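Q: Sequence:
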Amino acid sequence: MTGSATGNWGRWGDDDQAGALNLVTPEVTLRAAGLVREGRTLSLAQPLGPSSPTPGHRPRPARFMNRDAGDYALGARTPGGFKFAEDTVQFPSHSGTHVDALSHAWAGEHLYNGHPESGTRSTRGARRCGAESLVPVVTRGILVDLVTAAGGPLPRQTPVGTAGLERGIAEAGVTPEPGDAVLIRTGWWEAHASDGNYFDGEPGITGEAAEWLAARDVALVGADNYAVEQQTDEPGFPAHLVLLHRHGVPLIENLDLSTLAAALIDSGRSTFMLSFAPLPLVGSTGSPVTPVAVL
Numbered sequence: 001m002t003g004s005a006t007g008n009w010g011r012w013g014d015d016d017q018a019g020a021l022n023l024v025t026p027e028v029t030l031r032a033a034g035l036v037r038e039g040r041t042l043s044l045a046q047p048l049g050p051s052s053p054t055p056g057h058r059p060r061p062a063r064f065m066n067r068d069a070g071d072y073a074l075g076a077r078t079p080g081g082f083k084f085a086e087d088t089v090q091f092p093s094h095s096g097t098h099v100d101a102l103s104h105a106w107a108g109e110h111l112y113n114g115h116p117e118s119g120t121r122s123t124r125g126a127r128r129c130g131a132e133s134l135v136p137v138v139t140r141g142i143l144v145d146l147v148t149a150a151g152g153p154l155p156r157q158t159p160v161g162t163a164g165l166e167r168g169i170a171e172a173g174v175t176p177e178p179g180d181a182v183l184i185r186t187g188w189w190e191a192h193a194s195d196g197n198y199f200d201g202e203p204g205i206t207g208e209a210a211e212w213l214a215a216r217d218v219a220l221v222g223a224d225n226y227a228v229e230q231q232t233d234e235p236g237f238p239a240h241l242v243l244l245h246r247h248g249v250p251l252i253e254n255l256d257l258s259t260l261a262a263a264l265i266d267s268g269r270s271t272f273m274l275s276f277a278p279l280p281l282v283g284s285t286g287s288p289v290t291p292v293a294v295l
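According to the UniProt record's numbering, the sequence shown is numbered sequentially starting from 1.
Among the clues, some could well be false.
As the list claims (entries may be wrong) - Listed next, with one range per pair, are the computed distances between beta-carbon atoms:
hint, residue 1, residue 2, range
1, Gly114, Glu86, 37 to 47 Å
2, Pro50, Phe84, 42 to 52 Å
3, Arg121, Gln90, 15 to 25 Å
4, Gly268, Lys83, 47 to 57 Å
5, Asp14, Gly268, 40 to 50 Å
What the hints assert, rightly or not - Taking lysine to any residue pairs in the SDA-like style, the calculated list, with each CA pair at most 20 Å apart, reads:
hint, residue 1, residue 2
6, Lys83, Asn66
7, Lys83, Pro55
8, Lys83, Asp68
9, Lys83, Arg67
10, Lys83, Met65
FYI, nobody ran anything at the bench for these hints, they're computed from the structure. Owing to the predicted nature of the structure, the values given are computational and were not obtained by experimental measurement. Each residue gets a CB set at the ideal place from its N, CA and C atoms; glycine is no exception.
Turn these sequences into a full structure, and let the hints guide you.
A: Okay, here's the thing in structure tokens:
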């Protein structure tokens, strides 16, 4: 166990804004590359568009065509009638499958690593720990498939505590190592993608389970639900504060893990190479991302 009870502040220098992604060293990436056996790639992202599930406090994604086949004289003045289309897409940075930057959640007056909260304002975005500081990485992914273990999707508000997380990882037959990405399949996306209940009390990890993950120096944590952590009738996001604020571990939310789970079951494995490359949105508190599993 290599984490610290006091978090990762100062571990990679006072100016650090990448957090636990620093744990993905060249050696970690080379180890991950050694997991590739088939050369098969799987997207772990949900589709993102105007019909994507969106919580009530965020505007829906929108798309506007700037140029299309109905525009005047398109193709009329070019050899061969060349035509083209362009569009503009608008969406909150925390739409669909996305990663929380380290400026997304904090307590007190400081972001991760002691950066002042005063640098995060609507007029200028996040001056520190924005999405542009989330470096792209390739690392080993571990799927904790709680759906298969439970025989179906986890019920509403089910807590995934330390014991449940340890049991799920033990069933996967792997031990988390520094720089790993741990992805947790609860079945919430599969069960509620289209019934209007996706943003209502999902199951997920507890604050104690988040401490367990941070203590093992994981670089990324993700899940197939809205907040990664359990949502109850009580306000608060304890796992966000443990992982994002204290340890600098980015959270990948709204993953689609069903196809990956089936592929791993077929191949008798639980680990894979994970490619993670968010958009470097300057000053943003999050970024859409399409994590790719390579088997």
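Q: Indicate, hint by hint, whether the structure satisfies it.
A: Each hint tested on the structure:
| no. | hint | verdict |
| --- | --- | --- |
| 1 | Gly114 - Glu86: 37 to 47 Å | 43 Å, holds |
| 2 | Pro50 - Phe84: 42 to 52 Å | 22 Å, violated |
| 3 | Arg121 - Gln90: 15 to 25 Å | 21 Å, holds |
| 4 | Gly268 - Lys83: 47 to 57 Å | 49 Å, holds |
| 5 | Asp14 - Gly268: 40 to 50 Å | 45 Å, holds |
| 6 | Lys83 - Asn66 | 13 Å, holds |
| 7 | Lys83 - Pro55 | 37 Å, violated |
| 8 | Lys83 - Asp68 | 8 Å, holds |
| 9 | Lys83 - Arg67 | 9 Å, holds |
| 10 | Lys83 - Met65 | 14 Å, holds |
Hint violations for this structure: numbers 2, 7, all remaining hints satisfied.
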